[in-house]
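Sequential numbering of the sequence shown, starting at 7, is according to the working numbering.
To be clear, the hints were calculated from the coordinates, so they are not data collected in a lab.
For clarity, every value in this text was computed on a predicted model and none was experimentally measured.
Do not take every clue at face value.
Said to hold, decoys possible - Taking lysine-lysine pairs in the DSBU-like style, the calculated list, with each CA pair at most 30 Å apart, reads:
1. K83 <-> K50
2. K198 <-> K83
3. K44 <-> K198
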Amino acid sequence: MQWKTLLLNQSINIHITPSPQKIPLFLRNEVDFIWDNKKKQFPKLFNGRVFNVASLSPDIISGYWTEYKKVLAQTEKPELYSELAIRSLAVIGLIQCPEGFVLGKRTVKSVYLPGYWQSPPAGTVESRGGNDEVDLIQQLYAEAEEELGLHAHHLMDPKIISATEHTDTHIIDIGILLKTNLLFQEVFDLWKQNNNPEYDELLCCVDYESLPENTLPTTRFLIQNWSE
Numbered sequence: 007m008q009w010k011t012l013l014l015n016q017s018i019n020i021h022i023t024p025s026p027q028k029i030p031l032f033l034r035n036e037v038d039f040i041w042d043n044k045k046k047q048f049p050k051l052f053n054g055r056v057f058n059v060a061s062l063s064p065d066i067i068s069g070y071w072t073e074y075k076k077v078l079a080q081t082e083k084p085e086l087y088s089e090l091a092i093r094s095l096a097v098i099g100l101i102q103c104p105e106g107f108v109l110g111k112r113t114v115k116s117v118y119l120p121g122y123w124q125s126p127p128a129g130t131v132e133s134r135g136g137n138d139e140v141d142l143i144q145q146l147y148a149e150a151e152e153e154l155g156l157h158a159h160h161l162m163d164p165k166i167i168s169a170t171e172h173t174d175t176h177i178i179d180i181g182i183l184l185k186t187n188l189l190f191q192e193v194f195d196l197w198k199q200n201n202n203p204e205y206d207e208l209l210c211c212v213d214y215e216s217l218p219e220n221t222l223p224t225t226r227f228l229i230q231n232w233s234e
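Build out the structure end to end from the sequences listed, making use of the hints.
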């Protein structure tokens, strides 16, 4: 699995543009058909607003808000990229605890990439509370609380370093390094208490050579490029 990665400046800016005109009816029908079928499998799916990347450079991300159902449709049928041009923005953290790096195994029930190992927290950049602004660090903190039960005061020294684009789905992961003073067992206990189904397992990885074989490329890159 090979994904393209671009190094970013830590002070990268987000430029929000108006959403383009509505998609043609035939394409809307295709998107709705895929969404309706997926909802039957995953009834808790929610069609929120997610950020779509129009252009990307080391200094600026430009894009607009769109529907999650378009992202899902393109994930299910990558050939729709020529029509939808969806490059949904996501965040992924790499948390270093005193013993090593925190990894999570995506649940086998996951809509996307089930059973793969990655560094949590991670998730799509979405509009929270109707807010149009994009704050990558705050998005990551929100994911940390939802997925792991970790609060912002548990985490420190966040550093944006990279953008990795998934080859087939064109999802763009913004890689963020951060630390915690919590021991891995404390992180594990908070995760278990939080009871979020995103991950089936959590482990502590000492270094790159210790990574499970089916670890996602974004996490591999972040560990390879860890810096204080």
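Hints and how they fare:
| no. | hint | result |
| --- | --- | --- |
| 1 | K83 <-> K50 | 21 Å, holds |
| 2 | K198 <-> K83 | 34 Å, violated |
| 3 | K44 <-> K198 | 28 Å, holds |
Going down the numbered hints, you'll see the structure goes against just number 2.
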